[in-house]
Amino acid sequence: MSTNGVETTYFRRVSRWKLLLIILTVVLVLTIVLSLNVGFAQIPFSTILQILAKRIPFLGSLIGPSNISYPEERIILEIRMPRILAGALVGAALSAAGVVYQGIFKNPMADPYVLGVSAGAAVGASLAIVFGIGFTLFGVNTMPILAFAGSLVAVFIVYNISRVGSRVPVTTLLLSGIAVSIFLSAIVAILQVIAGKKLHAVVFWLMGGFSGVEWKDVWAILPLIFIGTVIIYFFARDLNILSLGEETAQNLGVDVEKVKKVLLIFGSLVTAAAVSISGLIGFIGLMIPHITRIMIGPDHRVLLPTSIIVGASFLVICDAVARVIVSPVELPVGVITALSGGPFFIYLLRKKKESYGV
Amino acid sequence: MAVLTVDSIDCYYGSVRVLENVCLSVEERDFVGVLGPNGSGKTTLLRSISRTLKPHRGVIFLNDVDIYALKSVEVAKQMAVVPQDNVIAFNFTALDIVLMGRNPHLSRFQMESEKDVAIARKTMELTNTWHLAKRPLNELSGGEKQRVIIARALAQEPKVLLLDEPTVHLDINNQLETMDLLKELCIKKGLIVLAVFHDFNLAARYCDSAILLNDGKIISMGNLDAVLTSENIRKVFQVDAVVKKHPITNSLYIIPISMLKPPLSRKLSVHLICGAGTGTTLMKILAEEGYNVTAGVLNVLDTDYETAQLLKIPVTSEAPFSPITEETYKVNLEMMSKASAVVITAVPFGYANLRNLEVAKEALERGIPTFVIEEVPIEQRDFTKGKAEKHLTELKSKGAIFVKNQNELLSLLDILEDKLNMTKELSSKIPGHFKSETNSCEVDEVDDSKSSNF
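Taken in sequence, the protein lines are chains A and B.
In case it helps, the working numbering puts the first sequence at residues 1 to 358.
In case it helps, the working numbering puts the second sequence at residues 359 to 812.
There may be inaccurate statements among the hints.
[As the list claims (entries may be wrong)] Calculated Cβ distances over 12 Å to all of chain B for the following chain A residues: (1) 30; (2) 57; (3) 73; (4) 179; (5) 198; (6) 249; (7) 346.
[Stated by the list, open to error] As a list, the in silico SDA-like pairs of lysine to any residue whose alpha-carbon atoms are at most 20 Å apart: (8) B:745 x B:652; (9) A:258 x B:410; (10) A:258 x B:431; (11) B:429 x A:247; (12) B:719 x B:652; (13) B:435 x A:259; (14) B:688 x B:669; (15) A:258 x B:602; (16) A:258 x B:411; (17) B:412 x A:247; (18) B:429 x A:262; (19) B:429 x A:259; (20) A:106 x B:432; (21) B:473 x A:12; (22) B:492 x A:167; (23) B:492 x A:296; (24) B:492 x A:5; (25) B:412 x A:163; (26) B:473 x A:15; (27) B:670 x B:587; (28) B:435 x A:255; (29) B:412 x A:245; (30) B:602 x B:652; (31) A:258 x B:675; (32) B:429 x A:165; (33) A:258 x B:463; (34) A:18 x B:675; (35) A:261 x A:293; (36) A:258 x B:426; (37) B:429 x B:363; (38) A:18 x A:257; (39) A:261 x B:652; (40) B:429 x A:167.
Hints listed in this document are in silico derivations from the structure and should not be mistaken for laboratory results.
In this text the structure is predicted, and so the values were computed from the model without any measurement.
Just so it is clear, CB atoms sit at the ideal spot from N, CA and C, and this is done for glycine as well.
Can you make the complete structure from the sequences, with help from the hints?
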């Protein structure tokens with residue numbers, strides 16, 4: 001084989017990555033637009049396109065007064081749109097965090113919830129629901145805020161339990177994450193027992209979903225998730241090198257403890273932001289990184305953006321399915337992701353078994 | 359000027375001290391071997407030099423700057439490490455891995471340029487791994503993997519290369535190739551190589567100097583001739599070894615002879631009649647088994663003579679290539695008469711050493727059991743026109759025991775030893791009995807005397 005071919009392939013790979021990202025972004029946009037069409041109220045697709053087009057500068061002025069009714073516009077723009085965008089944001093955040101945690105822990109079972117984010121958020125949300133702590137505070141819904149705070153407190157505790165001086169060994173981190181999660185889950189269980197009539201709301205939150213998401217929720221989490229994922233992306237190459245082991249990474253010039261700290265903070269932040277409005281949606285953060293790694297390889301500089309876009313599209317689709325599959329009742333989206341994720345995970349395990357001949 | 363200086367460092371794992379007051383300095387073009395037994399602190403020394411394990415006391419300077427005051431990127435530009443085990447979490451290709459060596463030279467937002475890929479290619483060609491560039495690292499063999507990792511380290515373009523047992527997964531061919539490459543880089547580019555070795559001979563062949571560690575302390579440091587001595591090896595490894603200059607490579611080589619064991623307590627002493635290498639292995643086995651071994655007559659420069667010197671076995675010797683004189687014959691007879699058994703190996707007999715058989719005859723006459731090993735029939739090694747053969751037949755008639763090989767001999771010696779012990783035990787017990795009886799008699803007597811006194 002011509003040796004020059006290796007270099008050419010290497011550099012061609014980068015342009016392939018770019019093309020792939022563009023295609024996936026187009027797919028994401030299409031998914032969002034198409035899923036606007038999904039819902040209890042039947043709204044013709046052409047009407048939806050008109051409603052959207054009206055919102056686009058220049059193009060909007062070309063469309064004259066048409067047959068768009070006010071309720072239809074409201075359903076699309078005020079109910080379906082924020083909810084779909086929230087789904088995309090949450091899918092993106094959980095996938096990004098999944099990539100980060102699998103990279104740091106070098107463990108295929110790691111997901112955004114390993115550090116107790118989920119359990120912390122669950123305690124916060126359950127407290128808000130069960131005790132109805134001023135359901136609105138200064139006109140702001142307190143439940144997402146409590147969930148957000150709960151998850152950050154949990155991660156803070158886990159991080160400090162594992163800290164040895166200035167170092168944070170990943171094994172200890174993983175184990176204390178599990179320990180704290182178990183403890184907090186027990187508190188959630190107690191809250192469920194005393195929840196009484198509010199039990200339904202707690203359970204529904206725990207299964208995760210986007211019903212009732214409004215624009216202000218989207219605006220609240222958008223900057224957190226955007227800034228968080230961008231900062232995470234700055235450390236993509238360090239994540240590659242971390243897969244060689246922390247000591248080797250150190251020898252290759254990576255400031256391991258600092259990088260780990262930054263990644264853990266922002267990984268937790270985007271997860272907490274996502275969980276605060278969506279509840280606990282499982283499997284996305286675990287399986288999207290695996291799928292994309294099979295698709296495009298382990299290089300985090302492409303794995304991370306690809307996972308973000310794929311995760312966003314996937315959750316938008318799952319949410320669309322959740323809205324209509326047993327219509328008029330809406331399923332929690334966490335049920336759909338778990339239903340599709342479980343079998344997928346088994347498939348993944350089987351495939352791995354074959355390829356390693358175990 | 360010393361590029362790397364380690365100034366009296368102490369390192370701890372928890373409360374266990376693994377390095378104590380280690381000082382060293384390395385200059386450009388130095389190829390230093392770090393040697394020592396398992397757990398002596400070799401890897402720890404590399405870890406603390408590579409800015410991974412901060413010493414509790416002492417400073418490590420790289421070009422006069424304390425490395426723990428530098429950022430890891432700055433250190434990584436000047437120093438690369440080839441660790442012992444390389445487990446990689448994801449399926450990166452060999453080229454990906456080598457390009458990671460360029461990390462310290464890239465800024466956070468930079469992608470690898472053509473220059474970086476060219477450097478990766480060069481180092482991969484040097485380590486003979488370019489053909490593996492597209493293969494996932496985890497699918498490569500241990501040796502291929504090791505060479506890719508060395509390529510990664512070289513891609514860092516370091517001034518100092520630290521290696522932890524770089525040849526442990528490599529076959530002989532790759533060992534030499536890798537070491538030759540390192541040596542070449544050391545000589546041509548002034549690369550400093552500091553490597554942990556378990557293979558003393560490999561280290562001796564390539565290193566200019568060595569550091570011998572034991573129990574976290576430097577036992578010896580400096581030129582190979584000064585470090586690799588049998589005394590040092592005995593002190594550190596409790597192994598008897600011979601250190602010699604190899605006639606072809608002109609480097610030192612070490613042959614471990616045996617573990618230093620507490621000597622077995624055997625009563626039996628064996629006198630060997632051997633020569634021309636026929637007694638070499640037997641001497642070693644007998645000495646290890648704890649027999650008191652003597653040998654003779656042997657000519658100086660004979661292989662068996664040299665072995666005996668090495669094992670510190672008393673020998674009656676004769677001048678090189680000379681027949682046994684009357685005087686040496688007598689000395690040998692004297693030596694033999696103290697032995698409790700005589701063994702004649704399958705040594706060739708000529709007129710020069712024929713008298714050794716007369717000694718054996720003498721032994722039989724004095725009642726010393728005599729064994730003849732007949733691995734090679736006497737006709738094939740008799741250069742005395744049948745005289746030696748005649749002697750042997752005579753020995754046989756006088757009660758010499760003929761054995762086929764060493765193992766048979768050793769089991770017979772065991773039996774002889776047991777017999778000897780039994781008679782000794784008996785003789786030691788019997789007087790004991792008498793003694794206690796006499797004691798009681800005495801007591802009786804005393805009692806009697808007392809009673810008679812009263």
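Going down the list of hints, with the structure as the test:
{"no.": "1", "hint": "30", "verdict": "29 Å, holds"}
{"no.": "2", "hint": "57", "verdict": "32 Å, holds"}
{"no.": "3", "hint": "73", "verdict": "43 Å, holds"}
{"no.": "4", "hint": "179", "verdict": "23 Å, holds"}
{"no.": "5", "hint": "198", "verdict": "43 Å, holds"}
{"no.": "6", "hint": "249", "verdict": "9 Å, violated"}
{"no.": "7", "hint": "346", "verdict": "21 Å, holds"}
{"no.": "8", "hint": "B:745 x B:652", "verdict": "25 Å, violated"}
{"no.": "9", "hint": "A:258 x B:410", "verdict": "14 Å, holds"}
{"no.": "10", "hint": "A:258 x B:431", "verdict": "13 Å, holds"}
{"no.": "11", "hint": "B:429 x A:247", "verdict": "14 Å, holds"}
{"no.": "12", "hint": "B:719 x B:652", "verdict": "17 Å, holds"}
{"no.": "13", "hint": "B:435 x A:259", "verdict": "19 Å, holds"}
{"no.": "14", "hint": "B:688 x B:669", "verdict": "24 Å, violated"}
{"no.": "15", "hint": "A:258 x B:602", "verdict": "51 Å, violated"}
{"no.": "16", "hint": "A:258 x B:411", "verdict": "16 Å, holds"}
{"no.": "17", "hint": "B:412 x A:247", "verdict": "13 Å, holds"}
{"no.": "18", "hint": "B:429 x A:262", "verdict": "17 Å, holds"}
{"no.": "19", "hint": "B:429 x A:259", "verdict": "13 Å, holds"}
{"no.": "20", "hint": "A:106 x B:432", "verdict": "26 Å, violated"}
{"no.": "21", "hint": "B:473 x A:12", "verdict": "16 Å, holds"}
{"no.": "22", "hint": "B:492 x A:167", "verdict": "35 Å, violated"}
{"no.": "23", "hint": "B:492 x A:296", "verdict": "14 Å, holds"}
{"no.": "24", "hint": "B:492 x A:5", "verdict": "10 Å, holds"}
{"no.": "25", "hint": "B:412 x A:163", "verdict": "17 Å, holds"}
{"no.": "26", "hint": "B:473 x A:15", "verdict": "18 Å, holds"}
{"no.": "27", "hint": "B:670 x B:587", "verdict": "18 Å, holds"}
{"no.": "28", "hint": "B:435 x A:255", "verdict": "13 Å, holds"}
{"no.": "29", "hint": "B:412 x A:245", "verdict": "18 Å, holds"}
{"no.": "30", "hint": "B:602 x B:652", "verdict": "25 Å, violated"}
{"no.": "31", "hint": "A:258 x B:675", "verdict": "73 Å, violated"}
{"no.": "32", "hint": "B:429 x A:165", "verdict": "19 Å, holds"}
{"no.": "33", "hint": "A:258 x B:463", "verdict": "19 Å, holds"}
{"no.": "34", "hint": "A:18 x B:675", "verdict": "85 Å, violated"}
{"no.": "35", "hint": "A:261 x A:293", "verdict": "24 Å, violated"}
{"no.": "36", "hint": "A:258 x B:426", "verdict": "15 Å, holds"}
{"no.": "37", "hint": "B:429 x B:363", "verdict": "18 Å, holds"}
{"no.": "38", "hint": "A:18 x A:257", "verdict": "31 Å, violated"}
{"no.": "39", "hint": "A:261 x B:652", "verdict": "71 Å, violated"}
{"no.": "40", "hint": "B:429 x A:167", "verdict": "16 Å, holds"}
Violation of the numbered hints given earlier is confined to hints 6, 8, 14, 15, 20, 22, 30, 31, 34, 35, 38, 39; the remaining hints are satisfied by the structure.
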